[in-house]
Structures are given as C-alpha cells and as structure tokens.
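Novice: As given, the protein sequences belong to chains A and B, one line each in that order.
The first sequence: position 143 = 143 (this note's numbering), numbered continuously.
The second sequence: position 3 = 188 (this note's numbering), numbered continuously.
By construction, these hints were calculated from the structure, which means they are not laboratory data.
These figures come from a predicted structure and were not determined experimentally.
Even for Gly, the Cβ is constructed at its ideal location relative to N, Cα and C.
Below, a list of computed lysine to aspartate or glutamate pairs in the EDC-like style, where the Cα atoms sit at most 16 Å apart:
(1) K163/A - D86/A
(2) K67/A - E217/B
(3) K42/A - E292/B
(4) K355/B - E11/A
(5) K348/B - E11/A
(6) K67/A - E188/B
(7) K42/A - E7/A
(8) K55/A - D200/B
(9) K173/A - E138/A
(10) K340/B - D330/B
(11) K340/B - E11/A
(12) K192/B - E62/A
(13) K355/B - E292/B
(14) K4/A - E23/A
(15) K42/A - E14/A
(16) K55/A - E217/B
(17) K348/B - E7/A
(18) K192/B - E240/B
(19) K4/A - E25/A
(20) K55/A - D218/B
(21) K55/A - E321/B
(22) K42/A - D295/B
(23) K67/A - D222/B
(24) K355/B - E7/A
(25) K192/B - E58/A
(26) K355/B - D295/B
(27) K55/A - E214/B
(28) K55/A - D215/B
(29) K340/B - D309/B
(30) K67/A - D218/B
Label pairs and their in silico Cβ distance ranges:
(31) Q326/B - P93/A: 37 to 47 Å
(32) W112/A - K192/B: 56 to 66 Å
(33) H30/A - V334/B: 35 to 45 Å
(34) N5/A - Q333/B: 32 to 42 Å
(35) R229/B - W83/A: 18 to 28 Å
(36) Q360/B - Q29/A: 16 to 26 Å
(37) Q333/B - P21/A: 37 to 47 Å
(38) P57/A - R258/B: 15 to 25 Å
(39) Q29/A - M186/B: 54 to 64 Å
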Amino acid sequence: MTCKNTERYLETLETWPDRLPPELERHLQHCRRCREAVAAEKALRTGWAELRHIKCPEQVTERIFQKTLGKQPDAILQKKTGWWQDWLTALVPRPAFAAWMLMIAFISGAMWLTYRYQPTETSPLPRAEVRQTREDIEYALSILFSTLRKSESVTRDLVFRQKLLNTTKRSLKIAFPNQHNEGEI
Amino acid sequence: MDERQFKTLVHRHKDRVYRFALYMLGNREDAEDVVQDVFVRLWRQRPPQQIRSWEGWLMRVTHNLCVDRLRRRQFEQRRMMPLEHVANPDSLMTRVPVNPDPSAEVERNDVRRYLLQAIRRLPDPLRAAVLLREIEGMHYQEIADAMQVPLHSVKAYLHRARKQLRTVLKSYFHQTAE
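With these hints in hand, go ahead and build the complete structure from the sequences.
Specialist: Right, here's the structure in full:
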C-alpha cells in the first residue's frame with residue numbers, strides 16, 4: 001500500500017473499523033507520515049463523538065417557557081396599540097379617505113384660525129376680507145360635503161364614512177357654533 | 186402550533202440548537218441567548234404546520250442568528266472567548282465517561298483542545314457546515330437548506346474543513362511523536 005492509497009482509504013472511510021486492513025498495517029510500520037494521518041483521522045472521529053455529548057442547560061429551557069408560555073400567547077402576539085395606530089392602520093390602505101381627512105383637517109384648522117384671531121380695529125386685515133375668506137371656506141365645504149354624500153364609490157365603507165362625517169360635524173361645530181347644525185351636513 | 190407541540194419541539198431540539206450555537210460562537214452566554222431567541226421566534230412566528238422539517242427550520246434560524254452575532258462581533262472588534270475555555274473537561278465534557286488510563290485521558294483532552302482550536306480557526310461557513318454534518322449528523326441537502334447555500338458549496342465547505350482539521354491534528358501527532 002502507498003501513502004496515496006492510505007489517504008484515499010481514510011477519506012472514503014464511513015465508520016472507523018475495528019481492525020485496519022493488514023496491508024495498511026504493514027505500510028504504517030515503516031511510514032511515519034501515514035501513521036500520523038491515521039492517528040489524526042481516528043482522533044477526529046472520536047473527537048466529534050465527544051463533542052456531541054453537550055446538553056443545553058435546564059435554566060435555558062425554563063427561560064424559554066417563561067418568555068413564551070409564561071405570558072398569554074395572545075398577549076405576546078397582539079401588542080396593545082394606541083388609537084392613532086388603529087387609525088393609521090385603517091387609513092393606509094385607503095388613500096382616498098386619508099386625503100379627504102387631511103383636507104377636512106386643513107380646512108377646519110384654517111377656519112378655526114380665522115375665527116380665533118378676529119380682526120380688531122388695529123388689525124392689518126380688513127374685516128371685509130375676513131368675511132370673504134369665511135364665505136370662501138363655507139362654499140368649499142359645501143362642495144366637499146355634497147360630493148362626499150353623492151360619491152358612493154369613494155365611501156363604500158360605511159364605518160369609515162360615518163367616522164368621516166362625525167369628524168366633520170365636530171369640526172364644523174367648533175368652527176361655526178351658531179351657524180351649522182347636523183341637518184346641513 | 187399549540188403549547189404541547191411547542192414544548193415537544195423545545196425538548197427534542199434544544200440540545201442540538203445549543204451545541205451548534207456553542208461551537209459556532211465559542212461562548213456559552215451567547216449560545217444560551219441564541220437558543221432562547223430561536224425558540225421564542227418559533228413561538229411568535231408559528232411557522233406553518235406543513236413545514237417539511239422542524240430540525241431544518243430551527244437550524245436555519247440558529248445559523249442565521251449565529252452569523253448575525255459573529256458579524257456584529259467582528260464589527261465591534263471584540264475579543265472572543267477562546268473556545269478551549271468553554272470546552273474544559275469540567276464544564277463541557279462532564280457526561281463523557283472518564284478513561285481509566287490517566288495518560289490516555291490527558292492525550293484525549295489534548296486532542297480535544299486541538300480539535301476545538303481548529304474548529305475555532307475555521308472560517309464561519311466551513312465551521313457551520315462541518316458542525317452540522319459531523320456533530321448533528323445532517324445530510325448534505327439539509328445543511329444546504331439550513332445554510333441557504335447550494336449543495337455543491339456544502340460539499341466544498343466540508344472537504345476544505347475536513348482537510349484543515351486533519352492538518353491541525355496531524356501536526357499535533359507529529360509534535361507528540363518527536
């Protein structure tokens with residue numbers, strides 16, 4: 001047997017045999033390099049076997065169960081969310097509604113600012129201009145709501161339509177406490 | 186997945202997940218954290234029931250978590266605890282029957298230390314492949330799935346890893362013979 005054959009024999013060996021082939025034994029008697037190779041191969045195989053004995057510590061298992069089953073599974077899966085997250089989750093797949101909401105918020109904000117800062121005698125903004133602005137906003141709102149009422153394609157989702165209307169009503173009540181009632185929307 | 190099935194999976198696979206993480210990371214605390222992360226992820230994600238092999242799924246997640254940690258560690262340039270420290274006979278090999286011959290026991294410990302050092306020096310993919318094959322006894326295709334690499338890469342990794350390990354152990358026997 002040659003050194004090359006020994007190498008090939010070791011590489012193709014599935015399990016370590018009880019006895020090595022006699023020709024290999026004879027070769028090992030006078031070949032130090034192959035003796036080292038055989039010893040290394042044997043050590044490698046026994047070494048793997050020893051490394052398989054390691055076990056996971058029990059406290060790790062306890063920690064796993066505490067972290068998973070210790071709490072209610074539903075509580076782990078469903079994190080508590082705030083109202084704004086609910087709204088965000090609902091509005092993201094409905095961009096048309098989101099746009100409407102933003103527009104209403106913007107108009108309501110503008111109206112609130114207009115009425116909050118009424119022009120005084122010394123105000124640089126003439127009273128007539130303020131009145132005009134208010135009329136413009138009211139006109140824009142009336143168009144918005146008539147469109148919203150008619151547009152069934154945009155407002156198919158009744159729950160959101162209702163939410164949208166409620167928000168608008170609230171905004172209008174704040175903006176026009178004496179001039180708008182629910183019948184007008 | 187219900188609690189009973191989850192518990193069964195934990196008890197059945199925790200040792201192999203821990204072993205793999207320990208030899209990959211060379212650090213007991215990190216390995217424990219990885220085991221915990223793997224099973225918590227299993228519980229939270231609840232993979233579909235028709236999954237082909239739980240072992241494959243778990244080893245893939247373990248491998249990914251280990252690779253993440255190794256990358257982070259590399260990034261942070263932290264010095265890793267030497268693997269031979271983890272593998273000292275009192276802590277790691279307590280379950281291995283003690284050899285009655287003291288000189289053989291010393292040699293066995295030396296060989297084991299050499300082997301662990303050699304495993305530690307292997308590049309990450311080679312180490313993962315050889316650990317999954319030699320310690321966990323996984324098939325080539327299972328290793329390829331776990332490591333998310335082609336089958337021929339696994340074969341190449343294993344060939345190179347074994348060659349490197351043989352070289353290290355040969356050098357040990359060469360030194361002891363002199």
